[in-house]
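Engineer: Chains as they are written, first to last, in the working numbering: chain F, 1 to 315; chain G, 316 to 630; chain V, 631 to 888; chain S, 889 to 1146.
Treat the hints as calculated values from the structure; they're not laboratory data.
Remember, predicted model here, so these are calculated numbers, not experimental data.
Everything hinted at is true.
Selected chain S positions facing chain F (in silico; Cβ < 7 Å):
(1) D935
(2) L937
(3) R1104
(4) G1110
(5) A1111
(6) C1112
(7) S1114
Derived BS3-like pairs (lysine-lysine); straight-line CA-CA distance at most 27 Å:
(8) K715(V) to K973(S)
(9) K214(F) to K330(G)
(10) K26(F) to K529(G)
(11) K985(S) to K951(S)
(12) K529(G) to K15(F)
(13) K860(V) to K529(G)
Cβ atoms here follow ideal geometry from the backbone N, Cα and C, with glycine treated the same way.
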Amino acid sequence: MIPQNVGVINETKSKLAVKIGGIAMKNPVATASGTFGFGSEYAPYIDLNQLGALVVKGITLQPRAGNPTPRLVETAAGVLNSIGLQNPGVERFIGELLPGLACFDLPVIVNIAGDTVQDYGRLAARLDRVSGVAGLEVNISCPNVKKGGMQFGSDPDMAAEVTRAVKAGTDKTVIVKLSPNVTSIEAVAEKVASAGADALSMINTLLGMAIDVKSRRPVLGNVLGGLSGPAVKPVAVRAVWQVYRETGLPIIGMGGIITAEDAIEFILAGATAIAVGTANFVNPQATMDVLSGIKQYIIENDVQDINELVGAAHR
Amino acid sequence: MIPQNVGVINETKSKLAVKIGGIAMKNPVATASGTFGFGSEYAPYIDLNQLGALVVKGITLQPRAGNPTPRLVETAAGVLNSIGLQNPGVERFIGELLPGLACFDLPVIVNIAGDTVQDYGRLAARLDRVSGVAGLEVNISCPNVKKGGMQFGSDPDMAAEVTRAVKAGTDKTVIVKLSPNVTSIEAVAEKVASAGADALSMINTLLGMAIDVKSRRPVLGNVLGGLSGPAVKPVAVRAVWQVYRETGLPIIGMGGIITAEDAIEFILAGATAIAVGTANFVNPQATMDVLSGIKQYIIENDVQDINELVGAAHR
Amino acid sequence: MLITDALIIKQEEIIPGFHRITLSAGEAAKNARPGQFLHVRCADTLDPLLRRPISIHAVDREKGEVSLFYRVVGRGTALLADREKGDRVNVLGPLGKGFTMPEGNGGVAVVAGGIGIAPLYFFLQELSVIKICANVFLGAATKKQLFFSGGIEALGHNVFPATDDGTAGYYGNVVELFAQNLSDSVYGCGPAGMLRSLCQTIKKYNIRGEVSLEERMGCGVGACLSCACKTVDEEGNYRYSRVCAEGPVFTAGEVVWE
Amino acid sequence: MLITDALIIKQEEIIPGFHRITLSAGEAAKNARPGQFLHVRCADTLDPLLRRPISIHAVDREKGEVSLFYRVVGRGTALLADREKGDRVNVLGPLGKGFTMPEGNGGVAVVAGGIGIAPLYFFLQELSVIKICANVFLGAATKKQLFFSGGIEALGHNVFPATDDGTAGYYGNVVELFAQNLSDSVYGCGPAGMLRSLCQTIKKYNIRGEVSLEERMGCGVGACLSCACKTVDEEGNYRYSRVCAEGPVFTAGEVVWE
Ligand SMILES: Cc1cc2nc3c(=O)[nH]c(=O)nc-3n(C[C@H](O)[C@H](O)[C@H](O)COP(=O)(O)OP(=O)(O)OC[C@H]3O[C@@H](n4cnc5c(N)ncnc54)[C@H](O)[C@@H]3O)c2cc1C
Ligand SMILES: Cc1cc2nc3c(=O)[nH]c(=O)nc-3n(C[C@H](O)[C@H](O)[C@H](O)COP(=O)(O)OP(=O)(O)OC[C@H]3O[C@@H](n4cnc5c(N)ncnc54)[C@H](O)[C@@H]3O)c2cc1C
Ligand SMILES: Cc1cc2nc3c(=O)[nH]c(=O)nc-3n(C[C@H](O)[C@H](O)[C@H](O)COP(=O)(O)O)c2cc1C
Ligand SMILES: Cc1cc2nc3c(=O)[nH]c(=O)nc-3n(C[C@H](O)[C@H](O)[C@H](O)COP(=O)(O)O)c2cc1C
Ligand code: FES
Ligand code: FES
Chain F
1 MIPQNVGVIN
11 ETKSKLAVKI
21 GGIAMKNPVA
31 TASGTFGFGS
41 EYAPYIDLNQ
51 LGALVVKGIT
61 LQPRAGNPTP
71 RLVETAAGVL
81 NSIGLQNPGV
91 ERFIGELLPG
101 LACFDLPVIV
111 NIAGDTVQDY
121 GRLAARLDRV
131 SGVAGLEVNI
141 SCPNVKKGGM
151 QFGSDPDMAA
161 EVTRAVKAGT
171 DKTVIVKLSP
181 NVTSIEAVAE
191 KVASAGADAL
201 SMINTLLGMA
211 IDVKSRRPVL
221 GNVLGGLSGP
231 AVKPVAVRAV
241 WQVYRETGLP
251 IIGMGGIITA
261 EDAIEFILAG
271 ATAIAVGTAN
281 FVNPQATMDV
291 LSGIKQYIIE
301 NDVQDINELV
311 GAAHR
Chain G
316 MIPQNVGVIN
326 ETKSKLAVKI
336 GGIAMKNPVA
346 TASGTFGFGS
356 EYAPYIDLNQ
366 LGALVVKGIT
376 LQPRAGNPTP
386 RLVETAAGVL
396 NSIGLQNPGV
406 ERFIGELLPG
416 LACFDLPVIV
426 NIAGDTVQDY
436 GRLAARLDRV
446 SGVAGLEVNI
456 SCPNVKKGGM
466 QFGSDPDMAA
476 EVTRAVKAGT
486 DKTVIVKLSP
496 NVTSIEAVAE
506 KVASAGADAL
516 SMINTLLGMA
526 IDVKSRRPVL
536 GNVLGGLSGP
546 AVKPVAVRAV
556 WQVYRETGLP
566 IIGMGGIITA
576 EDAIEFILAG
586 ATAIAVGTAN
596 FVNPQATMDV
606 LSGIKQYIIE
616 NDVQDINELV
626 GAAHR
Chain V
631 MLITDALIIK
641 QEEIIPGFHR
651 ITLSAGEAAK
661 NARPGQFLHV
671 RCADTLDPLL
681 RRPISIHAVD
691 REKGEVSLFY
701 RVVGRGTALL
711 ADREKGDRVN
721 VLGPLGKGFT
731 MPEGNGGVAV
741 VAGGIGIAPL
751 YFFLQELSVI
761 KICANVFLGA
771 ATKKQLFFSG
781 GIEALGHNVF
791 PATDDGTAGY
801 YGNVVELFAQ
811 NLSDSVYGCG
821 PAGMLRSLCQ
831 TIKKYNIRGE
841 VSLEERMGCG
851 VGACLSCACK
861 TVDEEGNYRY
871 SRVCAEGPVF
881 TAGEVVWE
Chain S
889 MLITDALIIK
899 QEEIIPGFHR
909 ITLSAGEAAK
919 NARPGQFLHV
929 RCADTLDPLL
939 RRPISIHAVD
949 REKGEVSLFY
959 RVVGRGTALL
969 ADREKGDRVN
979 VLGPLGKGFT
989 MPEGNGGVAV
999 VAGGIGIAPL
1009 YFFLQELSVI
1019 KICANVFLGA
1029 ATKKQLFFSG
1039 GIEALGHNVF
1049 PATDDGTAGY
1059 YGNVVELFAQ
1069 NLSDSVYGCG
1079 PAGMLRSLCQ
1089 TIKKYNIRGE
1099 VSLEERMGCG
1109 VGACLSCACK
1119 TVDEEGNYRY
1129 SRVCAEGPVF
1139 TAGEVVWE
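Pulled out of the complex, with its shape left as it was, chain F reads as follows (with noise of 0.2 Å):
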């Protein structure tokens, strides 16, 4: 019985793999970045090796201490955040916390931020170098820090010019991070993919607040903080859906996936692979179990092969 067992699992494997990019990622279920740490935090939960990707918390030039608190406030089933980049800077990141990921059998996609466009390119040109790094996540949408991150992920010229500067420096898989807080996800899109970008991933936050009725002040420390959670989940399926039909890149999608349902929504809107964010926090297991739940939808729907499921709800 055992080998049969593991022969219907290695032909589940290899019907679920994707590729965003030069990454070839066995399954399509990454981490979104800034909720899962550097992986490490969650290996006692889960078997890290069995992701499809990790992607780690931003990371900037600088090392950064980030945002007064309250950080974090819970809503409607959704969560407010405005954590400010805190990280180590990316010498600290490739000294002491990227070689204890080496150990692991996964792409490693590390988002990176910037005040300025040559911070995107220098960042770009030091990760080049390093190995263990599969590719790059361009943060141009994080909502939290004053200079940068709003001002490039909101217009669409910007938004390209970064791409170019990433592009320019490294030649590693650049997948560009769309803000869901613009007018038209689907210009800033077409632009980014003109400047060369390999793929996109949405959405990130939603810029919100909350407001504390007893102290009357706002409950962030920093005012103003980005929506996650199942309550934006219906804003990223659309989004995923227009810029599918709009660029042809492939696309990470994510914002509010608890479970494998939720993640089928944003792959038959056209996301290739996926990404689970606030859940983790619910339950550190999500992604095992996001992953378990898709197997089992190929497996009752007959599915041959993931990638047929991409974007068929447009057909």
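With chain F's structure known, arrange chains G, V and S with the ligands on it following the hints.
Structural biologist: Showing chains G, V and S with the ligands alone in chain F's frame:
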């Protein structure tokens, strides 16, 4: 004892009075357009006279059949809808529906929508002559109608043009309803303010969609829909907060208000009045529950006049 | 029409996945008419947010009790099934327009597909009060899903079962079975496909017929226009009617099947 | 560190609004150290979404039971209080860094404000295992909120109560009371204001001290950086530490109060 109580109630009442442009509201609680029909639907459940204002379903020049079904789907702590402005047209509204509201003692605000700038101007002119209409809420943001809606609301100059057309057509209070599906809601607000709007209301629904993983097709008949309900509250509060800083106009705040605390959050962010939408579906008495909660809050916190709270979180 | 925190008197699982819940709701029991529904709040949190429409299945006016018969298909109905005797559940209603009670002495038929018997049982209760005996065509996938046939006979009606797998009664479609046993008027409820063919049969033989429809609902009270269903009036004008207000019961002639 | 659907053995309302819940969670009981917490899923729906951190209050290793002592302050804790014996509650943990158990024979004090006794009770259980007797300064608004003083004495410790309204023990602030009865090391938990003044006292008299802090949490496992708390190291470098990972227990010297 009885006279004393009456005194307290009257006193509370006057503490609750607010003004939106030329519209005097006895309290800040209005209904959100499209969620409360033409008022009479909720008359079995609440005393309409207790409302601060009634905002009716969107009205167009000609009758509209609306979108194919399904028109509504539940999402996490929210609802996606694509009603498609089904309405009997302005003439039948004036002839058949408005007279029924004459017996109620509350300002009636008519939500209007058009495909062209001229449509808006004509609707305004037509309603200008009609008594029983306290003001117009200009829907430049409905994402459900392919022509009109989306475009007007997402371009500051177009939004301003619509505002001017409506202002030219009427002396009644003109409230422009802003869409959150824009890169900068402040930019739209500023243009609309300079174009002469008397007040703003926000937010309309967020553009979203849902896909059925069984049929692998979009759930809504119209594919895209508008997201409302508690899920969107952080985005709505943020929009009110941002616009309050930029313009001096009174704001009707809405988006996910279920409880009095939610309403107060909007007021603290800068809303002079608030509207209850999706919550009516959950609880037909939601408007009254919100109102009594606001009363309790101002008594407990010894607030002399609700207007003191407007924008208090900025101070 | 009112809102009540109704006490749960009984929660029964008739067969796996099919529940009957009995609520103490005196006002609703007094005012309910067959074909009307309650709009049920299955959870107190914001997720799931909306109420769920469930037809009134049976009424005991003396005890002031209302029963609902429902199938667990998703989160809302699963949460409702979790509630126990002694808990309270918030209901809004009775809502909507019910079946027209037949007058005179023409033959009356009732055609139910699966869970579609839910509102029709109440209709049959009321028929037996006015001493009308109906032919009841009960369709189901399989024998054990032929619900309440004993109870329906006890009310004085004739039951004609039909099953898709032939495990009981007629082997095949319940509408076919009805077509072989026509009557002057017919009342139907069930899956969309079945109602569509029932409406075709009704038109073909030019008999009187009413069907109860389903559509996703927001408010349940006619305000939000989400529960639209395409209808045509006698002059041939098409429009969207509200299932919650103009329905859920429509005449077979009104409904436009697309 | 693990995730369990723990069976509720007991749910007690100690005084209105203050509950103790006892869970069957063998692994957690075995591994827990005083000061650590469980990350508790109070509801199964998406609203509320996040887990809630609650300190481990008491442990019975033999029975494999863990107790939490919590105050109902919002939706999550209210939902937790609604759960009954026999229900299951999903918990993640034990998480975080606990108190350093004292070594040698210096005097040990414990200072708790209100619900702050929650984790300290477990610490006192462990102290009595290693035969250390502590002076326990229990502060509360009023007499009936001086929790577990009998149990603490039964563990062999000395209890010094202080109440804001003078209804029992010292009339005033528990930190003041401690300042009048200093010891070599002190362990504190309670409201932020109280901990701040406790840290000042600790620095002023240059004694050893640890405090358990609270911050809003996302993941609870160190991944999201939301539970930041400003700390300073021995070289005077400021940084944000994670309450869930580097804490919740910090030395008094590390914490930067702003
Ligand atoms: C007037 C009316 C009377 C009804 N009476 C009964 C009854 O007596 N007994 C009974 O079991 N059911 C009845 N229904 C159907 C019942 O409302 C749905 O099964 C229920 O809302 C599903 O809720 P859920 O949260 O369990 O499922 P969800 O998770 O919301 O959905 C599960 C599946 O059901 C579909 N669905 C959800 N709501 C509807 C709807 N309103 N119409 C059609 N499909 C839907 C969804 O597409 C999905 O595939 C009635 C519906 C209406 C409109
Ligand atoms: C490490 C740690 C251990 C804790 N141990 C205990 C314990 O043993 N017993 C106990 O009763 N409580 C403890 N708490 C506090 C407990 O986590 C909160 O009371 C709980 O999360 C509130 O959830 P809620 O849904 O009931 O309230 P919510 O509705 O979320 O909030 C109610 C109020 O509490 C505030 N609040 C919510 N979460 C926090 C937080 N994490 N920190 C500070 N303020 C918050 C909110 O601002 C709000 O005013 C601990 C917190 C931490 C971080
Ligand atoms: C606490 C937190 C921190 C985040 N940090 C980052 C980040 O550093 N870089 C980034 O591109 N996105 C960041 N995000 C956004 C997520 O990667 C993701 O785009 C978003 O949360 C939507 O997915 P979700 O709803 O599944 O969480 C963060 C989100 C959260 C909740
Ligand atoms: C079913 C439905 C219909 C709506 N119709 C309209 C409309 O006709 N015109 C309009 O300006 N807004 C319309 N809206 C938007 C609401 O007025 C409101 O802006 C939005 O729902 C946010 O508030 P809420 O979260 O409280 O529902 C509609 C919303 C819903 C849910
Ligand atoms: S459900 Fe709102 S109109 Fe029918
Ligand atoms: S709660 Fe996520 S890092 Fe502490």
